[in-house]
Structures are given as C-alpha cells and as structure tokens.
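Dock chain A against the given chain Z, drawing on the hints supplied.
Protein sequence lines correspond, in order, to chains Z and A. Take the first sequence: its position 515, counting from 1, is numbered 515 in our numbering, and each next residue is one higher. Take the second sequence: its position 3, counting from 1, is numbered 3 in our numbering, and each next residue is one higher.
Source of the hints: derived by calculation from the structure; they are not laboratory data. It should be emphasised that the depicted structure is a prediction, and the values quoted were computed from it without experimental measurement. Even for Gly, the Cβ is constructed at its ideal location relative to N, Cα and C. Some hints here could point you the wrong way.
Stated by the list, open to error - The following label-pair restraints were derived from C-beta to C-beta distances: (1) A:GLU278 x Z:ASP182: 34 to 40 Å; (2) A:ALA311 x Z:GLU278: 53 to 59 Å; (3) Z:SER319 x A:MET1: 57 to 63 Å; (4) A:PHE331 x Z:ASP182: 54 to 60 Å; (5) A:ASN178 x Z:SER323: 53 to 59 Å; (6) Z:MET320 x A:ASP182: 36 to 42 Å; (7) A:LYS455 x Z:ASP318: 55 to 61 Å.
Unchecked claim - Partial chain Z-side listing against chain A, Cβ under 10 Å, derived: (8) ALA32; (9) ASP35; (10) LEU46; (11) GLY63; (12) LYS64; (13) HIS71; (14) GLY77; (15) HIS84; (16) GLU188; (17) THR237; (18) MET320; (19) ALA458; (20) ALA465; (21) MET468; (22) LEU475; (23) ASP480.
Number of protein chains: 2
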Amino acid sequence: MNGAESLLSSLVSHGVEVCFTNPGTSEMHFVAALDRVPQMRGVLCLFEGVASGAADGYGRVAGKPASTLLHLGPGMGNGLANFHNARRAKTPIINVVGDHATYHLQYDAPLTSDIAAVARSFSKLVATPQNANQVSALVNIAYREATSPEKGISTLIIPADVSWNETPSEDASGFDGNLWVDEGVQVETIDLGFARELIAKGGETLLLLGGDALREEGLKLIERIVATFGVRVLAETFPAILDRGGELLPVDRLAYLGEMASAQLGGAKNIITIGAKEPASFFAYPNSRSLLAPEGANIFHLVGSGEDPAAKLTALCDSMTLSTSIERQSFGLPEIPAGELTATKVAQTIGALLREGTIVVDEANTSGFSLPSSTKGAPRHSWLTLTGGAIGQGMPLATGAAIADPDARVLCLEADGSSLYTFQALWSQARENLNVTTVLFNNQSYAILELELAKVGALESSPSARRMLELNSPLIDFCDLSRAMGVEAVKVRTVSELSKALIHSFDTPGPLLIEAVLPAGMS
Amino acid sequence: MNGAESLLSSLVSHGVEVCFTNPGTSEMHFVAALDRVPQMRGVLCLFEGVASGAADGYGRVAGKPASTLLHLGPGMGNGLANFHNARRAKTPIINVVGDHATYHLQYDAPLTSDIAAVARSFSKLVATPQNANQVSALVNIAYREATSPEKGISTLIIPADVSWNETPSEDASGFDGNLWVDEGVQVETIDLGFARELIAKGGETLLLLGGDALREEGLKLIERIVATFGVRVLAETFPAILDRGGELLPVDRLAYLGEMASAQLGGAKNIITIGAKEPASFFAYPNSRSLLAPEGANIFHLVGSGEDPAAKLTALCDSMTLSTSIERQSFGLPEIPAGELTATKVAQTIGALLREGTIVVDEANTSGFSLPSSTKGAPRHSWLTLTGGAIGQGMPLATGAAIADPDARVLCLEADGSSLYTFQALWSQARENLNVTTVLFNNQSYAILELELAKVGALESSPSARRMLELNSPLIDFCDLSRAMGVEAVKVRTVSELSKALIHSFDTPGPLLIEAVLPAGMS
Numbered sequence: 001m002n003g004a005e006s007l008l009s010s011l012v013s014h015g016v017e018v019c020f021t022n023p024g025t026s027e028m029h030f031v032a033a034l035d036r037v038p039q040m041r042g043v044l045c046l047f048e049g050v051a052s053g054a055a056d057g058y059g060r061v062a063g064k065p066a067s068t069l070l071h072l073g074p075g076m077g078n079g080l081a082n083f084h085n086a087r088r089a090k091t092p093i094i095n096v097v098g099d100h101a102t103y104h105l106q107y108d109a110p111l112t113s114d115i116a117a118v119a120r121s122f123s124k125l126v127a128t129p130q131n132a133n134q135v136s137a138l139v140n141i142a143y144r145e146a147t148s149p150e151k152g153i154s155t156l157i158i159p160a161d162v163s164w165n166e167t168p169s170e171d172a173s174g175f176d177g178n179l180w181v182d183e184g185v186q187v188e189t190i191d192l193g194f195a196r197e198l199i200a201k202g203g204e205t206l207l208l209l210g211g212d213a214l215r216e217e218g219l220k221l222i223e224r225i226v227a228t229f230g231v232r233v234l235a236e237t238f239p240a241i242l243d244r245g246g247e248l249l250p251v252d253r254l255a256y257l258g259e260m261a262s263a264q265l266g267g268a269k270n271i272i273t274i275g276a277k278e279p280a281s282f283f284a285y286p287n288s289r290s291l292l293a294p295e296g297a298n299i300f301h302l303v304g305s306g307e308d309p310a311a312k313l314t315a316l317c318d319s320m321t322l323s324t325s326i327e328r329q330s331f332g333l334p335e336i337p338a339g340e341l342t343a344t345k346v347a348q349t350i351g352a353l354l355r356e357g358t359i360v361v362d363e364a365n366t367s368g369f370s371l372p373s374s375t376k377g378a379p380r381h382s383w384l385t386l387t388g389g390a391i392g393q394g395m396p397l398a399t400g401a402a403i404a405d406p407d408a409r410v411l412c413l414e415a416d417g418s419s420l421y422t423f424q425a426l427w428s429q430a431r432e433n434l435n436v437t438t439v440l441f442n443n444q445s446y447a448i449l450e451l452e453l454a455k456v457g458a459l460e461s462s463p464s465a466r467r468m469l470e471l472n473s474p475l476i477d478f479c480d481l482s483r484a485m486g487v488e489a490v491k492v493r494t495v496s497e498l499s500k501a502l503i504h505s506f507d508t509p510g511p512l513l514i515e516a517v518l519p520a521g522m523s
Numbered sequence: 001m002n003g004a005e006s007l008l009s010s011l012v013s014h015g016v017e018v019c020f021t022n023p024g025t026s027e028m029h030f031v032a033a034l035d036r037v038p039q040m041r042g043v044l045c046l047f048e049g050v051a052s053g054a055a056d057g058y059g060r061v062a063g064k065p066a067s068t069l070l071h072l073g074p075g076m077g078n079g080l081a082n083f084h085n086a087r088r089a090k091t092p093i094i095n096v097v098g099d100h101a102t103y104h105l106q107y108d109a110p111l112t113s114d115i116a117a118v119a120r121s122f123s124k125l126v127a128t129p130q131n132a133n134q135v136s137a138l139v140n141i142a143y144r145e146a147t148s149p150e151k152g153i154s155t156l157i158i159p160a161d162v163s164w165n166e167t168p169s170e171d172a173s174g175f176d177g178n179l180w181v182d183e184g185v186q187v188e189t190i191d192l193g194f195a196r197e198l199i200a201k202g203g204e205t206l207l208l209l210g211g212d213a214l215r216e217e218g219l220k221l222i223e224r225i226v227a228t229f230g231v232r233v234l235a236e237t238f239p240a241i242l243d244r245g246g247e248l249l250p251v252d253r254l255a256y257l258g259e260m261a262s263a264q265l266g267g268a269k270n271i272i273t274i275g276a277k278e279p280a281s282f283f284a285y286p287n288s289r290s291l292l293a294p295e296g297a298n299i300f301h302l303v304g305s306g307e308d309p310a311a312k313l314t315a316l317c318d319s320m321t322l323s324t325s326i327e328r329q330s331f332g333l334p335e336i337p338a339g340e341l342t343a344t345k346v347a348q349t350i351g352a353l354l355r356e357g358t359i360v361v362d363e364a365n366t367s368g369f370s371l372p373s374s375t376k377g378a379p380r381h382s383w384l385t386l387t388g389g390a391i392g393q394g395m396p397l398a399t400g401a402a403i404a405d406p407d408a409r410v411l412c413l414e415a416d417g418s419s420l421y422t423f424q425a426l427w428s429q430a431r432e433n434l435n436v437t438t439v440l441f442n443n444q445s446y447a448i449l450e451l452e453l454a455k456v457g458a459l460e461s462s463p464s465a466r467r468m469l470e471l472n473s474p475l476i477d478f479c480d481l482s483r484a485m486g487v488e489a490v491k492v493r494t495v496s497e498l499s500k501a502l503i504h505s506f507d508t509p510g511p512l513l514i515e516a517v518l519p520a521g522m523s
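Next up, chain Z with everything else stripped away, as it sits in the complex (with noise of 0.2 Å):
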C-alpha cells in the first residue's frame, strides 16, 4: 500500500466517501489509487472554486465530510473563497491538497509556495505528513478535528513521495512539527442556571440562534421555549442550514442591512446567543456603529467554543419544565402573481410552488430580498445561506448539497453577478445528472454595490464608478453559458413561464437552469 493508497483507505474508514476533485501531477498517485478503493467517489470540477463550495454544501446536508483533492498552493487558492464560506458555516471538510516531494521543495520549482501559511487563514487544522507511515495516524487527527463540536476544515498537505512511497511499517510518529491546531477564541459562557432565569423574563430577553440550534431538533425545543415563556428569537443573519416550513416554528432571521437588524433587536434587554455570535453590521460605515443590539442591551451567551448548540439546548430544555402545548399559527402560501417578472414575484412564484423537502441554496443577493417572507408558509425544507459574504458560493454548494441528498431536489437561487465566478460546477451538475434547478436573477448589474454606491452618495454623479457595476456590456447571455457547460436553460420574461418551467424542473430528474430576466438594478 502506498501513502495515497492509505490516504483514500483511511479516508474512508471514517465514512469520507466523496471527493471533489480538480488534480494535477502531484496529486496523480492519489487519482490512481481511486480504482484501488472503490468506495471513493470522485466528483470531477473544472476549478477549485467549485470543488470547495461543493464540499461545503456537501458537508452541511449530510452532516458529515467530504475530502476536496486540489493542486498545490494555486490550485487550493481558486478554492479559497468558498473555503472561506465553509469556515463560516463550521462545515466539516477534509481538504486535501498536493505539494512537491519533501526533497524537491529545496528547488523552489515554479508551483512552488507556502501552502500551509495560506491553509491556515480557513483551516482549523493543517497537517504536513513527512512520509506515508504518518498518512493515516494524520487522517484520523483531521478527521476528529473536523468533525469535533466545533466543526471545521481540516487540512492534509501530501508531498508527492508520501503519495507514492510504501507503507512497510506502523512507524506513525513523529508529525508535531508539521501539524498546526487553530487554538481558537474563548467565548464566556453562562450556566444553564442564569440562563433560565433569563428566559423566565420572557419578552424583554431573545434568543439569538445560529448553527445546529437551527436545525429540525433545535427548532422543536425552541418552540417550547417560546410557547413557555413567551421570549424572542431570532436566527443569525446567515445561517449555515436552517429547516423551516411546514410545522416548524417560523424563524426570522436578523436582517443583513444594519438599520433593519438594529430595529429588529429593538427592545431587547437581554440578548442570549445559541450557536450564534454577538450581533455586529456585517460592514461599517461612516457614523454607525458596528455592533447592532441595542444600547445597555446585555449580550449572553450559552454555548462555548469547542461545545455542541444543539446539545446545550437540549441540556437547558432537559433543566426546565416546558409546556406541550404549542398553538401553531399558521401561513398561508402566497397567490402567484401575474405579468412580467420583479425579483418579488419570482419570490412570491417560488413561495407558491416549493415543495417539501426542497434543499433551498440562497445567493440571491438583493434580488431575494422578499425570499424569507414569500416563503414562510411553504412545505417543510431546509435554507443554506452565505455564511462568509464570498459570493460565487451558490451553484458549487447546490452540487455538493445535491450529492449529499440524492433523493432531494435542490433550488438554487443565484445572482447573476456571483454566478459568473464559480458557473464551472454547472458541468460538474450536468456529468453528475444532480437535481438541481438553478434560477438565475438577471438584472444585468452587481446591485448590492449600486445600493452601496448610494450610500457614498454617488450613484447617479459617478459615470465611471457606476460602470464599474454595471454587468450589461456586453450583455450575458446566461442560456448560452448554461448549455455550453452542458445544463439545458430555459429564459423567462414572466410569471407564468417561471411556473412552468419550474414545475417540469420539480418533476424531472437532473439539473436545469432558469435564466430569470429582471428589469435592471435593483427590484
């Protein structure tokens, strides 16, 4: 057996058993060892953008990691913005990206770089193996790391000769020095005591939810809560995974525009985060403040670093004496609009037709600003956001959320100016047949920085900014990029084509892409 051969071997003794992949020639020995072990699927993607995204959105559905395979330092920096991402959502991956043989790194050879300082920026773990004897001790480190309460990216630098060298010996030591732990921040915490004295306050205390809190589980134990004591909550602004519709208890989240999440919290005397951090504006500006809860507001929280959200909540729920009755209120589903398309009525068309079990990947930007409330009365699914403001995350993370829950159909919901840096995973999409319906915003601009531009007051005074956000010169054709790559696409002007064409996508296996003209800007 050779150090990519235990490699693949170890990875799938913990149940590692997709890789998405974009190699070169110092990963070939691992891409050989792959008809080795069979129970290694690798998924084929045209840039490393895609295959980290799809590692992301394959982590956070099945709860568990998929391995990524990338070409050296370069090739793992295409893969950082979605990496990114995915140390956001605390998704578990095992990164595992190529380097020169141990020898040959003294030569400097042109792909040459420092991968590990790079790895550190997304990674909680990074780890060097210095011959193929440590390969599987160092897998079986990553992979607890990963996977630890606290979940995260754990990365695996594999020199070329580590690769293809033999393993004649259980001789695993010696790797200290070649392994780096993110020692993380130390959050304080509150007992479960002081927590419920808190939440017997009822409507002057909210809860601030984030990670598995907002999950099926968190959710019903939430409810309770609420229909106990009457407190708030609220969700993150970003949210790794949330499952919401049907009989779950309907969760806002805290507005990404600061004045909205600030009149959001208003209110609140006692802010308790669950999986959640204290709420800051996700950018500053000029004369605001950064953190957004309000004045003499005081900011608690329940869970630590390194401890699970959804096993304090259980903890807490376990201590207290909560009510079984949960009076329900009940949404209705939204009437479908007619005419021509807004980014409302795509909404309130999307809100009609969901149907359950629908994995919803949203990076609609401004162009889903009434997503949540068009689809608070829909049939029970689960929401991944954008968990790190890195957009082109969506149609990477709709691939891996696709093989993840093969059963499941996936809507992706995606601006037209993310999608343009990271559409190579609608091949990936089409090679693999994934149910995903992807519908594409196209306003023919990056509109979030129009608003922005706004806000500096220059908008309508700055010819040359304002080109610098204008995406319709020369106009994309997004049909034409999605059939290229090998995803049929369908363009629609207006209410009724979207329904049909979303309801044949609902009923037909494999992926498609709606291509969704908007009037221009913002709508």
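Same frame as chain Z, but now just chain A:
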C-alpha cells in the same frame, strides 16, 4: 481629499494608470474616487483571477505596474493563482485590497480573514495604512518595491475607514508595524572577470538566460557573445516575456519534460545563469533527479537578487571585446499543411501566418509542444509563458497585454482545460474591445494529466482515474461560451478554416475566439 482619492492620486503620480477591478462594498469609496481622478482607467473584471492575470499581462508588456482593486481576503484569494504566476514572472503590480474599517475588525464579521498572511505568500511587500495620512507614503514605498530591479507585487490592504476618512495633515508616521517586506533569497554570484574566463571556454559553457536577458536588447548582446566565443545558450523554461523572430538570435527554451531538458543541457561543463535559476525539474518523479544539469557540471550565477539582469549583462559585454560580424541563420516559414486539424498542424499554420509585432500568450500546454519550432522563422514577435505553472492564466494575461499595447495584435493560445478557470476574461475583452485573437485548442481532456497518469502506469488500467482527466462528458461548447460572454466565436476543424479565421481576425479590430477542434487527448 479622502484616503481613497489619495491612493488614486498617488498611484497616478507614479504612472500607474490602469486598475483591473472587481470591487465590493469595502472598496466603494475607491470606486467613487475614479470619477475624481480620471487619469486612472478602471477595467471591470467578472472574477478576481482575471484581474490579477490581466495585471500580470499588463506589467510584462508595459514594463510598469497596473493596479488591482479586490474585495477583502476571499476576493484576493480568487486572484491568488495568477498572482502566483506574476510572482514567478517578477511582474510589477500594485495589488490593492479593501478590508473592514480598522475598528470593525474586532467583531470578526463574516468577511473577516487574515489578508496579510495570505498576501505574503505572493508579495514582495504587504502594507496596511492605519489612517488616511499614511496612504500616500505607503504608495510611494509600494511603488518603489514593485519596480526595484527585482520586480514584484506590492500589496496594499486598505481598511474602509482609511478610504473614507479625510487627509487633513501630513503626519504619515507610525506604519512600521504594518509594513512587511520579503527578505528574498541571497544568491552567490560570480564576478565579471570569472564570467569572462568561463565564456572564453566556448562550447563547454552554456548561458541559461531569464528575465530581461530575453528581451531584444539582451538578445542582441548575447548574440555577439555567441558569435565571438561559441558558447551555447538556452532560455529558462517559462520566461515572463521572450522576444523572438525576425533578426533576433533564436534561443531555445529549456524543455518542460525533465528527460528532454537533461538532453539539452548534456555536455555542458559550466552553466552560467543570467536572470534564470539553477535548472530543476518542474515536478519530482520516483527515481529521477530533481536537478537537470549533468552531474559534475558547475553552476554559476551572474545576477544576484536585487540586481537587474539586463544591466549586469550590459556590464559584462562592455568589459569584453566582442565581434560585430554576425552570421545569422535563416529559418523559413513552415508550409501551411492541409486537411483536418492536429495540434501540430495548428502550430504550423500559426507559424506561417504570424505577423510582425504580435504578442503571443502561450497557455497551449500539451497542444503547444511544436509551437516553438514552427514559429522560429516568423517575423519579430514576443512570447509570454505560464511562469508559475498555475493554469488559468492565458486569457487574463492576453487581456492585460492588449490594454498595455493597444496597437498590437495579441494571439492567445489556450488549452481547453486551462481556459475553464478564467474565461470570464472574454467579457472584459468584449467590453474594452481588445485586439485579442484566442485560439482554443479543444482536445476534450486534461491531456497533460493523461501523460502523467501514463507515467504512473495507470492510464489503461484505471477507468475511474481516467474519468478524472476527461472533459468530454458533457462536451463543452467553447463557441457558445464565448458568445455568451460577448466575444464572437468560430469553430474550425480544418487547416483552411483555421487559416481563414486567423487572417480575418488579424485584419479585424476587436476580439475573436477560434475553437480548434482536435483529436481527443494528446495529438
């Protein structure tokens, strides 16, 4: 004047007048300032890897830096691969990256990451002004470092409040803690006298040329050394820019494949590098040496770190008596072949039709093996190569080269697999109406990896592995892709179709993509 205007004004004062940009919220004050500092030309890119690659192409051709404008750590990450290539090319670039406001960083908002740590992996200098007054002073230092004899990338990380705050005073001190400069690697050099002794040995001495020694002025000096002493010459494998054709001394490049490179260096007793590194193989392989020079050959370096290869070469020649009578070898143009295309026939056709002054960007990879020989007799042109081995460079590089020299025709020779990393560059070519002719070699595979898998002995026996190297399921329509991005495209299958398309494009301003359909795999 605010910090953003100070930044733009300072850049323009140094002659930095192009900014390849993919901005976000934290860069909005810089974008707004474009209208107040109109000497700076903003070129919008849909993806940061296009911006970094275009800045590389611009810098190689213009010989002076362009700037970039990127959105925090993930945006810079998307540009990393082409910054890596630019680092290897020693291209001067001023890389501007926005960050959160200084006081906002503590809240670890979603887009927060360690930008400086990642930037150090490819930069000569990384600086973060802490107030608007420091901007101008740091731009001066960044420009000096980027354009000093050993050129490179200076990264300026600009916090949002540094952009938007006014610059009331001249107090620009106190930035030392936020300024990092790469110490570089000291190279032991030989003095001119010893170099003359070695050169006098004639054919047993080989000059390995790199950097500016491969530009027209350098080659004219080298030609006289060769004519006088009969030394052998080779160019480094992947020069940033190599002047060729017409009356220039033809210099073969050291081969990419180690066995071929060793053969080229065979018999050399003394190798003097002039702007190049000691020859080492691109990758290591089991049971192969990493170093390519014959065992026992002596390696000497004429140019130290921080020294200008062209200046050192001039000094050497000034210290010698060189022949002025040059006998030039004449290379004819290749015949235009006939019939269905192969990679070799494409190369011959290009060799026959290449026009004077063309800037060739070569990322043809395996499809381009015969390009150097087929273009040896072409009129005077320049050749840009994949300096750092990070694929996805070609189309961005061509974009920047065309902006640096708007009167030239840029011929971008692009492999199918490589094009799929950064073909968003086509949109910028259409938007700016650039004179770029792209020949897309479509062999439906990562052919170079098939070669590598064969070396591992697993090409035929490993269907799963082989499937990771094929781009034919689904087939990608590069003409659709190009048109979707706004660039007209034509698919050619025969030599006569290719010839017609090339001549048409050379005669017609603006961009065109020619998809050359080749037999699958290596040809």
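Hints, verified against the model:
1. A:GLU278 x Z:ASP182: 34 to 40 Å: holds (37 Å)
2. A:ALA311 x Z:GLU278: 53 to 59 Å: holds (57 Å)
3. Z:SER319 x A:MET1: 57 to 63 Å: This hint holds: roughly 60 Å between Cβ atoms.
4. A:PHE331 x Z:ASP182: 54 to 60 Å: Given about 58 Å between the Cβ atoms, the range holds.
5. A:ASN178 x Z:SER323: 53 to 59 Å: holds (55 Å)
6. Z:MET320 x A:ASP182: 36 to 42 Å: Since the Cβ atoms of Z:MET320 and A:ASP182 sit about 58 Å apart, the hinted range of 36 to 42 Å is violated.
7. A:LYS455 x Z:ASP318: 55 to 61 Å: Given range 55 to 61 Å: holds, Cβ gap about 60 Å.
8. ALA32: Cβ of Z:ALA32 sits 4 Å from chain A, so the hint holds.
9. ASP35: holds (4 Å)
10. LEU46: OK, holds: Z:LEU46 within 10 Å of chain A, min 4 Å.
11. GLY63: Check failed: Cβ of Z:GLY63 comes no nearer than 22 Å to chain A, outside 10 Å.
12. LYS64: violated (22 Å)
13. HIS71: holds (9 Å)
14. GLY77: holds (3 Å)
15. HIS84: holds (5 Å)
16. GLU188: violated (15 Å)
17. THR237: With a minimum Cβ separation of about 8 Å from chain A (threshold 10 Å), the hint on Z:THR237 holds.
18. MET320: violated (31 Å)
19. ALA458: Since chain A brings a Cβ to about 4 Å from Z:ALA458, closer than 10 Å, the hint holds.
20. ALA465: holds (5 Å)
21. MET468: Holds, about 5 Å.
22. LEU475: holds (7 Å)
23. ASP480: holds (4 Å)
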